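Visitor: So the protein lines, in turn, are chains A, B, C and D. So the mapping is simple: this note's numbering equals the position in the first sequence, first residue as 1, plus 122. So the mapping is simple: this note's numbering equals the position in the second sequence, first residue as 1, plus 457. So the mapping is simple: this note's numbering equals the position in the third sequence, first residue as 1, plus 18. So the mapping is simple: this note's numbering equals the position in the fourth sequence, first residue as 1, plus 11.
No lab work stands behind these hints: they were computed from the structure. Keep in mind the model is a prediction, meaning the values are calculated, not measured. A couple of the hints might just be wrong.
Computed cross-link-like contacts, DMTMM-like style, restricted to lysine to aspartate or glutamate with a CA-CA straight-line distance of at most 25 angstroms [stated by the list, open to error]:
hint, chain 1, residue 1, chain 2, residue 2
1, A, Lys238, B, Asp886
2, D, Lys222, B, Asp806
3, B, Lys769, A, Glu313
4, B, Lys769, A, Asp190
5, B, Lys925, A, Asp190
Computed from the model, here is a short list of chain D residues facing chain A with C-beta under 7 angstroms [said to hold, decoys possible]:
hint, residue
6, Val87
7, Phe146
8, Thr150
9, Gln219
10, Leu221
11, Lys222
12, Glu223
We put the beta carbon where it would ideally sit given N, CA and C, even for glycine.
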Amino acid sequence: MFSAVDPTIYLLAAATLMALSGVPGLALNRPAWGQHLAAFLVVVAAFMGEYAAVALLTGSPGVTYQVDWPLPFGPALLSADLLSVIFLMPLFLVAGCVSVYSVAYWPAHKHASAGKLTLFLGIFAASMVIVVMARNSVLFIMAWEIMALSAYFLLTSEQQNPDVQRVGIVYLFATHTGSMALFAMFSLLREATGTFAFPLSHSLSLPVTVAAVVIITALIGFGGKAGLMPLHYWLPGAHANAPSHVSAMMSGVMLKMGIYGILRTLSFFVGVPAWVGWLILLLGAWSAINGIAMAAGQRDLKRLLACSSIENIGIIFIGIGLALVGVQLHAPYLVVCGLFGAFIHIINHGLFKSLLFLGSGVLIHATGTREIDRMGGLARRMPITSPLFLIGSLAICGLPPLNGFVGELFLYVGAISDGIIAPLPLAALVAPVLALVGGLAVMTFVKLYGIIFLGAPRSDAAAHGHEATATMTAPMFLLATGCLAAGMVPVLLVRLVSPVVAFYGDVAAPALARITSRVPIVPLTIVNILLVVLVAVIGAAYLLRLRRLPRAQGSTWGCAYPVPTPRMQYTGTSFSEMMVNLLGAIVATNRRRPTLATAFPAAGTRFSYTLTETVLDRILTPVFAGVGLAFSYLRRVQHGQLHIYVLYIFATLCVLIIWPH
Amino acid sequence: MLYALVLLPLLGALCAWIVPDNRLRPLVLPVTGTIHIALTAILLGAAPPPSPGGWIWLDPLGKIVLLSISLLFVVCAYYAVGYLAYRQERPNRVLCMGLLVCLSAMSMVTMTQHLGLMWVALETTTVSMAPLIYFNHNARSIEATWKYLLLCSVGIGLALLGLMFLAYSTYLAHHDATLLLGPLMASARELNPAWLHAAAIFLLVGYGTKMGLAPLHAWKPDAYGEAPGLVGAMLACGLVNCALLSILRVYQICLASGTEIRFFQQALLGMGLLSMAFAAVFMARQADFKRMLAYSSVEHVGIIAIGLGLGKGALYGALFHLLNNGMTKVVLFLSSGNIHRSYSNKTTDVVKGALTRLPWSGGLFLAGFIAITGSPPFSPFISEYTIVSSAFIDGRYWVGGLFLLFLVIVFIGMALTVLPMVMGAPPVDVEPNDYKDRLLTVGPPLFMMTLTLLLGVWPPEFLVVLLKDGAAMLGVLS
Amino acid sequence: MTDIIIHCAVALLFPPLLLGVIGKTKAAFAGRVGAPYLQPYYDLIKLFRKGSVFSETTTWVFRAGPVITLSATLIAALLIPLGRHAAVISFSGDLILFAYLFGLSRFFTTIAALDTGSSFEGMGAAREVTFSCLAEPTLFFSLITLARMSRSLTLSNILTHPTPAIWLASGASMLLLVGALFITLLAENSRIPFDDPNTHLELTMIHEVMVLDHSGPAFGIILYGAALKLFVLGAVFVNIALPIATGNPLIDWAIFILAMLVLAVTIGTVESVMARLRLVRIPQLLVGATILSAFALMLVLR
Amino acid sequence: MIVLADQLLVLVMLINLVMLGTSRLIFSIRAVAVQGVILGVLPGLIHPFSFHLTVITVVIILAKGIIIPFLISDAVRKAHIRREVEPFIGYVPTLLIGAVFTALSFAFAQNLPLAPEHKDLLFVPASIATLLTGFLLLTTRRKAISQVIGYLVLENGIFVFGLLLSEAMPAMVEAGALLDLLVGIFIMGIVINHISREFSSIDTSRLQTLKEE
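One chain only, chain A, in its complex shape (with noise of 0.2 angstroms):
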């Protein structure tokens, strides 16, 4: 049925839509008719992404299109392999549900600069598309750093604000960085096969230097995009200072970009080092573990959330990490799950994170702050956004019946069947890491979710907060509506993800069929169903008995004392006060403590901490001051003294002339 017209030309049409969905914003004179232009454009094209991503994912061949491009870098190829779909169909759904978005959530009448971000947002997923599908290295780092260009203009959009300027230079430096290492990585690989084009996978067997050379720049170029620790430190700024769509394309589908590329280098290799896995499996549950507890005491909504995308990054790359230590123990289980788990949550992260992030959006048009102290009470003014809120954050704590969980049930199964039987069963450590990581996923959500939504309000803000527009509800309600799908029936991402881990992990369909039997994907949707039946059972008894007894309405009860006001709840500073204290060993904490002299603090008195990032503030910052130091020193040679200028001539005629010839 797919067969009449090859899938790749539509992905390639759609990332054209895209690129140029921004273009007829600019002329038309009317802005706000090119934003929806621009969004009918973007939706559009994500309808043929998708339709090409399934026609792929059923087993359409791909075409791979030559582009004879006269730069000195070989012909430019662009083609779709699975590993490509699997990054591409949340692309083309999160872009999609942005676009939408965007359009009343970032209306041309009220800011000036939307003609721009939706010029640049549809660059931004393009570029993406082209990142996904280039095979050749030079075309593929063109698409990588349009990429990381345009989000920076997405990150900046709210230019003025000194904040925003911060974290930009800093995105800039951790992405230009990061590029140099791409830049080392790709012409040591150009060296090595004699060509630009990507080596076909496995086909690649190097030096063992030179590997280590590759696979650690590859790392830093890749990692850092993803936000792999300790190359996180660009992510919580930026993420919590772009527009909350930029947010969410950025987090939900930009940080996949990076682990594409490490997918993607670690296939050239015939065989990958053996460090390598247990490389990226540390420095994943470095992530998660350091992720989450740098979420778990933050107060600013967005960057909790950006904080958390840490740790999901940190999830994806244990995932890869356990199937490459599987390759390695031959532990067919722990390659199969590993991957299973990595492309699971892939999809799922984009759909719980682009949700959360959108959602943050409504909260800060309805309340004007980031702060989550600042709200409460909102789950009564917004009786749409609250409860996809609330799917949100339960999927992203991986709890069932959700999708977060299917991903981590891969993993779980992975590292504890073949993990604990292995001969070096350290990969089985993974299941206490990741309860750690969940258990403390679950107090960051319920802190998140119910100190926003529950509760009084805590600021007249919040007291007026207001439900947003169904163009905006709408994008959040699909996006929750995939995470209660998935979640709910499992076997559907397992049938979507198959193909792609029998490609990446070059096994064969009855091996696969027979792990995957062994991770309960049916018994899973049976509880799931169970577990619905049982919460409609019991709940609609207690409806019933609640109808026929008395019930009254009271002040919440205040243990005794008469007055409650709103400003004695529970904080979200308060919520997390005990565990960063725990945490003091992982996320390093400011608190600034009143002191005081009587028994009742004086009016105004406040206590509040903030969490250091210790790369950015610890190391960074000072080495960039010392370096800045240094160069100011280095700087005196040029003093402003001709005859001294004159010296340098006349030096350096002597030393050439007394280089050894």
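Chain A is already provided as a structure; the job is to place chains B, C and D on it using the hints.
Guide: The following block gives chains B, C and D in isolation, referenced to the frame of chain A:
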């Protein structure tokens, strides 16, 4: 027709001298520039054969540089009309004449095969630009002019001595001194190595001073900083490229000699890396954005030198970068000139929020920054990537690694200067003047930026062939 | 089939009795007569007949909390083997689901608490999620230790795997496991020394303070859910600590119920002889339990 | 005749040392003028007579011996300065360095092979010594005028070497070189005038506002 390239600007200069009206006079520039680039276009398609004496021949290397300067000039010429219209308070006779004389001399540099004549033309460009640096007539600009003049004169003097050494080495070989490129290359293997070596050193230092390779670059920040943006663009693109062409000629001779090239490449490589390092150190926290552009020019001259020093595949990149750097620098200098005018200030303490006050100029400056730091889809990326990848392909990992390291430092330094300039809110305490973006001050750099984008994505066929021919002349087997 | 019916019946009906036994034990230690064994049942029946008071700040989350918590716990109860009999629902990998169901119930308990806007309930919720973070790795260490021993991913196999023979073979690690699990059991069910359900000072409570505002049937559901949770985790503990199987199903059931009652008495004893720990000490004890279980895993892997 | 050329070259080198040792600007200018005249005479001594040669001799003597010194001394008069004050390195040390440089240039010249007809001449060492003297003046003197003089000396050094080639090279190049020199000095003179007007002094140590912090 070749001679027209030289004579036409001189004629223009004469017109500029004659026209009495300060308002009308600048119009000579675009007229001349347009005809010049039209002639260039024709000549690029079909260059005449070498002149009978062999003195005049527009070879591929010359064509590349000619294309670059002609483009530069026409863009600057149109810009000048808008710029000088805004600065009517200053007499512009000297400026117009200087630009035209410089164009004439630069055209001469590109087409001559005689190193002596080339030297004369190059010295003419130096001298003709001196009064233009002094355009603003204040203490700072006189200081800059003085330093420029003295250092460049010393440099050009050393180059002259180098030429004499070269001539003497031919004299030793044949009892007949010549500075014609053809005979020099034909007999390069017979030249006395000691004299050739000395010649190479003196020419490198001499022309290197003109080009601004570290540590010979000391005049650059001062001159670029104090000259109007327009003149800065001429210096950074035109003069630098002409000096570079002279170095390329020496490179050709060294290559033909077979032995000297190793030293020459090493020296270029060393100075190139040093230039990038210098630029990296000076770019960070640069308080004056025009001086920052000067250091960026030092950096890019260094990149080209590294490309030449690496040889082989990097040569294509070096030649392409010559073109790209020029084009991007023009955008940066012209838009920075606009920003300077609008704020009446060029320190980054005051200049903030340029995107808000001058959306076009600010945007162009930002785009230029992105382009010059080697980000796709702009053309400098292509050339820089060619150079760095061929460093790795040659197995010169240290060169490649240092190159990338310096690029990162330069990028950070430049970002820390540029981004606060263009972003944020414009200062409130500085009285805004009536300067606005106009078609004539924004259109030319915008055109150049578009061209940069085009070359970065799909360079036209003729250019690719031209660059390949040029690289072939420098030793790449096409 | 009989086993399934017995399983469901025991799981549904038995849990409140555990609370009654614990109460009685504590009363005995205090030298009081104490409430009857069936008092929790009376309480539940009474609560289901009472009217409710709702705070103005609450939303549907407040009502959904107890319902979802109970549902999740019920399903967890179906996943574990009782009395050496396979669980009602049993599949490979169910141990992970088991642990995560508690996560789900915790999520809803705590957000229901936050829904009231009470500072005390917020405090309780914060403590609950914080301490359970520390308890969770222990559970997983224990489970993977057992999974490694039994080479299975099914709770029914894992939990029925320990036999007296295994106890003899690797007693040290089993002992460590049992110790760790007992601490987890106490912590997860908010018993002394972690929490005192009978205290009257809200500032020191964990679980009880979270349900201050619930009343009527909702409170009944919560009470029942808590008992069920105690039962489920207790059953896990008993399966490991008392690995006696006779082969006769009915005798096994009897042994199981007896063992559970003994466990209740033990908990009651612990509650009577120990004081509640200071809040800051609780994490230390929990981390200690984690280390015990990790050590057990190491011994098994050796 | 050739011997005379050698003696003149020695004189050129002596003048170098004189310039390094003196503090009086007018005296330096005169010394440069003398050096220029000598350079003008030199071609006539080493090449057979021709019309071309006569023209060159006249032009060089005019330019180097008369016009340029006049321009500079005019600037000196206008700026009311008499002597170089406080060079960056004292007169005696510069003199000593100059002597060392002269010795070094002899050693350096030994390494360069010469055509047989130039074998016994001092052109190469004299050229290099003069060049180095020019550098020394440029790097040690404070006044703009002194630096121009240093530049002139540097050019003279180059010119001395050029004499070896004056026969073999086309005239056009020499003429061009000379013209550029003239124009360069002329513009330098103008610049110096502007400097003295702006700063009421032509002490280049004042010209240090353009620098990095």
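Visitor: Take the hints in turn and mark each one as holding or not.
Guide: Each hint, compared with the structure:
| no. | hint | in the structure |
| --- | --- | --- |
| 1 | A:Lys238 <-> B:Asp886 | 29 angstroms, violated |
| 2 | D:Lys222 <-> B:Asp806 | 17 angstroms, holds |
| 3 | B:Lys769 <-> A:Glu313 | 14 angstroms, holds |
| 4 | B:Lys769 <-> A:Asp190 | 23 angstroms, holds |
| 5 | B:Lys925 <-> A:Asp190 | 17 angstroms, holds |
| 6 | Val87 | 19 angstroms, violated |
| 7 | Phe146 | 5 angstroms, holds |
| 8 | Thr150 | 5 angstroms, holds |
| 9 | Gln219 | 4 angstroms, holds |
| 10 | Leu221 | 5 angstroms, holds |
| 11 | Lys222 | 3 angstroms, holds |
| 12 | Glu223 | 4 angstroms, holds |
Taken one by one, the earlier hints fail for this structure at numbers 1 and 6, listed in ascending order.
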